[in-house]
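Visitor: Residue numbers (the numbering used here), protein chains in the order written: chain A, 44 to 526; chain B, 44 to 526.
Keep in mind that the hints were calculated from the coordinates and are not lab data. Some hints here could point you the wrong way.
You can't tell identical chains apart in this list, so a pair holds if it fits in one copy or across any two.
[As the list claims (entries may be wrong)] Below, a list of computed lysine-lysine pairs in the BS3-like style, where the Cα atoms sit at most 30 Å apart:
id	residue 1	residue 2
1	K134	K510
2	K455	K390
3	K169	K134
4	K93	K455
5	K455	K510
6	K455	K134
7	K510	K93
8	K390	K48
9	K48	K455
10	K48	K134
11	K48	K510
12	K504	K169
13	K504	K48
14	K48	K169
15	K504	K93
16	K504	K390
17	K134	K93
18	K169	K510
Protein chains: 2
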Amino acid sequence: MLSRKDLNPDLLRAEYAVRGAVPARAQELEAQGRRVIYCNIGNPQAFVQKPLTYLRQILALVEYPALLDDPVLAGRFPTDVARKARHILAKHPSGTGAYSQSPGIAFVRQAVADFIARRDGIPADKEHVLLTDGASKGVEAAIVALLRDRRDGIMIPIPQYPLYSAEIALRGGQAIPYYLDEAHHWQLREEILATAIATARAGGVRPVAIAVINPGNPTGAVLTHEEIAMIVRFARANGLAIFADEVYQENVYSELRRFVSFARVLHDLRETTVPLFSFHSVSKGFLGECGHRGGYVELRNIPDDVMAELVKLQSIGLCANLAGQIATYVMVCPPVEGEESWPQYVKERDGILRDLRAKAEVLGRGINAIEGMSLEMPQGAMYGFVRIQLPPEPDVDVAAMGAEERRAYEAKRDSDYCLRLLEETGICVVPGSGLGQVPGTFHFRTTFLPAAEEIEEVVRKLGEFHKRYTAPAARAALKPQPV
Amino acid sequence: MLSRKDLNPDLLRAEYAVRGAVPARAQELEAQGRRVIYCNIGNPQAFVQKPLTYLRQILALVEYPALLDDPVLAGRFPTDVARKARHILAKHPSGTGAYSQSPGIAFVRQAVADFIARRDGIPADKEHVLLTDGASKGVEAAIVALLRDRRDGIMIPIPQYPLYSAEIALRGGQAIPYYLDEAHHWQLREEILATAIATARAGGVRPVAIAVINPGNPTGAVLTHEEIAMIVRFARANGLAIFADEVYQENVYSELRRFVSFARVLHDLRETTVPLFSFHSVSKGFLGECGHRGGYVELRNIPDDVMAELVKLQSIGLCANLAGQIATYVMVCPPVEGEESWPQYVKERDGILRDLRAKAEVLGRGINAIEGMSLEMPQGAMYGFVRIQLPPEPDVDVAAMGAEERRAYEAKRDSDYCLRLLEETGICVVPGSGLGQVPGTFHFRTTFLPAAEEIEEVVRKLGEFHKRYTAPAARAALKPQPV
């Protein structure tokens with residue numbers, strides 16, 4: 044019989060809190076008939092968000108092209124939808140049924156390159172685009188390719204989306220944390236990067252790449268051109284590749300910010316040496332098509348022989364799923380003004396984005412009105428990383444603890460908080476320790492994806508719970524087990 | 044700028060010949076307007092095979108459920124198709140749009156367990172089923188989970204499907220080859236296993252698992268109950284997990300053999316300790332839905348805490364794509380007699396399998412009629428592993444070579460053969476060295492997926508080419524470069 048000790052120790056070490064102990068307990072409660080509000084994961088269509096009609100009509104026609112041959116059926120679809128489905132099938136006759144080339148369908152990669160060129164006003168090359176099963180598999184490929192051995196490290200933001208720490212642990216590398224500055228709108232500051240990399244080098248770690256999430260997950264911060272240029276210069280000075288996680292590029296709510304891509308900044312800086320892996324996905328934005336696992340990675344400043352190795356890596360799993368590839372095509376090649384689908388597409392798109400913006404506001408204002416909680420208003424993405432004040436435990440001296448002991452103690456505290464919150468209210472969030480936080484601070488990540496009324500309910504329950512949890516009598520009763 | 048030396052050396056080492064140098068050259072030729080017959084990959088729908096109407100109708104309805112609400116449209120689908128689509132959406136309201144639980148949709152896993160129970164007459168548990176992006180990702184997960192460090196090894200058949208050697212190299216483990224006996228119908232013999240594992244142990248390798256492909260890829264051999272029981276006893280005696288690649292379970296053509304699962308044999312032997320990972324896929328069989336990347340791994344004799352680690356591994360990539368999960372559901376839950384779709388389903392299913400059986404025969408008889416070529420008649424799967432006689436080169440003394448030098452020399456010879464074949468005839472096959480072969484023997488793998496007329500053309504051209512290639516004058520001119 045296998046036991047845990049027979050398993051890859053890197054697997055045992057990897058942690059992915061978005062689907063960790065709290066969500067696992069939530070599933071148990073739900074199986075017992077309890078109502079759970081899943082605020083742990085950016086999964087829009089699990090809530091109120093409807094798929095875009097345009098996208099789904101095209102997928103239905105590509106899955107079952109006989110619909111196009113039946114005049115009665117075909118007549119029930121907008122003419123441009125039928126035309127686009129025919130176009131896809133003409134360009135790629137096997138549709139969703141056959142493996143594609145390993146990097147993905149050539150005309151879809153061309154459409155991705157055209158999308159980037161249109162978005163940023165810069166050249167883009169389809170030979171440097173790989174279609175992937177969601178952005179996650181692109182990030183996995185980049186990490187697998189660049190980690191040579193246990194001394195190699197990748198800089199990751201703290202707080203971060205835990206895909207990064209999980210993949211780095213699983214592939215046997217070192218995470219090099221750099222803190223985002225909560226006191227200054229989660230800003231990414233050069234001196235913090237410099238300190239982080241110096242500390243890593245002093246500890247014998249060789250930094251090979253820096254991961255940046257823009258718009259930020261979980262912070263919601265949106266980087267300016269200047270901030271990105273700083274990161275690019277830092278990467279060049281330190282010989283790092285950049286992993287630019289740009290999956291929330293359509294999710295910018297602040298009037299004061301707009302999305303700027305790393306590709307555009309590389310171009311503006313005439314930067315021809317820093318390798319860039321930029322990731323995008325059909326799962327976020329206004330599509331929210333998480334289940335289709337579609338996405339791409341675009342690469343810059345990568346020589347052909349390295350591209351060939353990345354294509355080989357992709358080829359071992361054959362190719363990304365074809366429905367996801369076609370969803371990616373529809374994402375980068377939406378209807379245009381004047382086409383029959385355009386008005387409904389615009390209505391659905393704008394409705395989803397307006398709704399997300401409004402819910403970000405509801406969450407932010409609500410949280411900030413709770414005593415002992417605060418939240419930087421999300422400029423983008425789908426999350427609030429909520430700071431919570433937990434009173435010190437009188438008989439515990441964190442100052443006397445080593446770094447690792449303190450981390451474990453504080454992780455226990457915020458996990459306990461989130462588990463209690465779940466048990467008492469049915470609200471499922473991710474403990475801050477699962478995404479990373481400055482020692483001595485406590486957070487949780489929540490999405491703002493439930494319906495607005497539900498978010499209001501979440502906020503109200505959070506306020507009531509937090510008061511109960513931090514009341515002195517309750518604290519005594521609820522004190523976590525010693526670690 | 045990144046260079047190859049900055050990449051993971053395990054990635055550089057991994058080779059996946061099914062999409063290696065020969066297919067890459069084929070794509071170049073095709074781009075130049077040359078006709079290529081792709082016999083390198085088991086990708087049925089890239090050829091003449093049509094998707095099953097039943098499956099695609101259900102996928103179209105699940106992608107765009109509004110079709111069900113329109114009485115005119117819904118009326119164009121068979122009643123049982125509409126009913127099954129409604130059932131899927133009732134059980135899983137977010138359809139293909141949201142992430143599922145990490146192991147896959149619960150009711151689909153239950154359907155997989157029911158399928159196994161029905162197929163084998165044994166109990167099966169949905170908590171030991173994980174839905175994966177094709178079987179490849181299940182195999183990847185098993186290898187990632189079980190390789191602890193560079194000394195761990197996995198036994199693989201030679202010849203093999205090169206997913207195994209590629210994943211083992213990529214994850215930093217050791218492949219332990221065991222030869223299948225070509226002289227005896229590619230039989231898997233216990234003494235060969237015993238020698239292979241003893242050699243590995245003597246070399247400091249710790250064997251942790253044995254991979255078995257049944258029906259065989261590329262051999263086409265179908266294992267008997269007795270052979271599987273031998274492997275199970277061998278695994279128990281040696282403390283190995285079994286990776287049972289059973290993706291061709293529906294592709295058995297010989298009247299003398301039927302598919303027997305490892306799960307069934309474990310049950311019959313009352314074997315409760317040997318861990319089993321069995322893989323299945325929607326890509327092969329009569330579905331041939333390679334592009335949907337659907338599949339599952341069923342696990343036996345795995346304790347809960349190990350299962351939890353496998354689920355965690357799956358969770359890092361969130362979940363398998365949902366269209367593939369639903370295709371898997373349809374595979375394990377086909378229409379039943381009496382339903383409106385049944386007659387067409389049976390007609391399509393039987394047509395595809397009859398066609399494959401006939402083409403296996405055309406290929407086998409044709410190849411065996413060529414002087415200097417031979418082929419064990421495929422009992423199953425989709426391939427012929429064709430033995431070719433290449434005359435020794437007069438000025439080369441293989442006996443004087445070391446093992447590695449000889450391997451490289453012989454790989455160069457069969458690669459050269461396959462590249463010439465491609466250049467002269469447009470036929471794209473995989474060199475035997477990419478799948479493994481006994482030193483001194485040469486092979487290539489071809490599918491029998493093209494149309495029957497095309498297979499006849501392939502056979503004819505193979506015969507003409509082989510004669511030219513092995514003619515003494517041609518041999519002198521075509522002699523490969525020294526390695």
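Visitor: Hint by hint, note whether the structure agrees.
Guide: Hints versus structure:
1. In this assembly of identical chains, K134 and K510 lie within 30 Å of each other by CA distance neither inside one copy nor across copies; the values are 60 Å within and 38 Å between.
2. For the homomeric pair K455 and K390, neither the shortest alpha-carbon distance inside one copy (45 Å) nor that between copies (60 Å) is at most 30 Å.
3. In this homomeric assembly, K169 and K134 come within 30 Å of each other (Cα to Cα) only inside a single copy, at 16 Å, whereas the closest approach across copies is 40 Å.
4. With identical chains, the CA atoms of K93 and K455 are never at most 30 Å apart, being 37 Å at best within one copy and 55 Å at best between copies.
5. For the identical chains of this complex, K455 and K510 are intra-copy neighbours only, at 19 Å inside a copy versus 73 Å across copies, given an alpha-carbon limit of 30 Å.
6. When the C-alpha separation of K455 and K134 is checked against a cutoff of 30 Å, the pair qualifies neither within a copy, at 54 Å, nor between copies, at 36 Å.
7. When the C-alpha separation of K510 and K93 is checked against a cutoff of 30 Å, the pair qualifies neither within a copy, at 35 Å, nor between copies, at 62 Å.
8. Proximity of K390 and K48 under a CA criterion of 30 Å is satisfied in neither setting, with 54 Å inside one chain copy and 50 Å between copies.
9. With identical chains, the CA atoms of K48 and K455 are at most 30 Å apart within one copy only, with a shortest distance of 24 Å there and 42 Å across copies.
10. For the homomeric pair K48 and K134, neither the shortest alpha-carbon distance inside one copy (50 Å) nor that between copies (37 Å) is at most 30 Å.
11. Taking identical chains as interchangeable, the C-alpha atoms of K48 and K510 are never at most 30 Å apart, the minima being 43 Å within one chain and 56 Å between chains.
12. When the C-alpha separation of K504 and K169 is checked against a cutoff of 30 Å, the pair qualifies neither within a copy, at 49 Å, nor between copies, at 35 Å.
13. In the homo-oligomer, the alpha carbons of K504 and K48 never lie at most 30 Å apart, since the shortest distance is 42 Å inside one protomer and 54 Å across protomers.
14. With identical chains, the CA atoms of K48 and K169 are at most 30 Å apart between copies only, with a shortest distance of 25 Å across copies and 45 Å within one.
15. In this assembly of identical chains, K504 and K93 lie within 30 Å of each other by CA distance solely inside one copy; the values are 26 Å within and 54 Å between copies.
16. In this assembly of identical chains, K504 and K390 lie within 30 Å of each other by CA distance neither inside one copy nor across copies; the values are 33 Å within and 58 Å between.
17. Taking the shortest alpha-carbon separations for K134 and K93, both the intra-copy value of 29 Å and the inter-copy value of 17 Å come in at or below 30 Å.
18. Taking the shortest Cα distances, K169 and K510 never come within 30 Å of each other, neither inside one copy (54 Å) nor across copies (41 Å).
Checked against the numbered hints given earlier, this structure breaks hints 1, 2, 4, 6, 7, 8, 10, 11, 12, 13, 16, 18; the rest are met.
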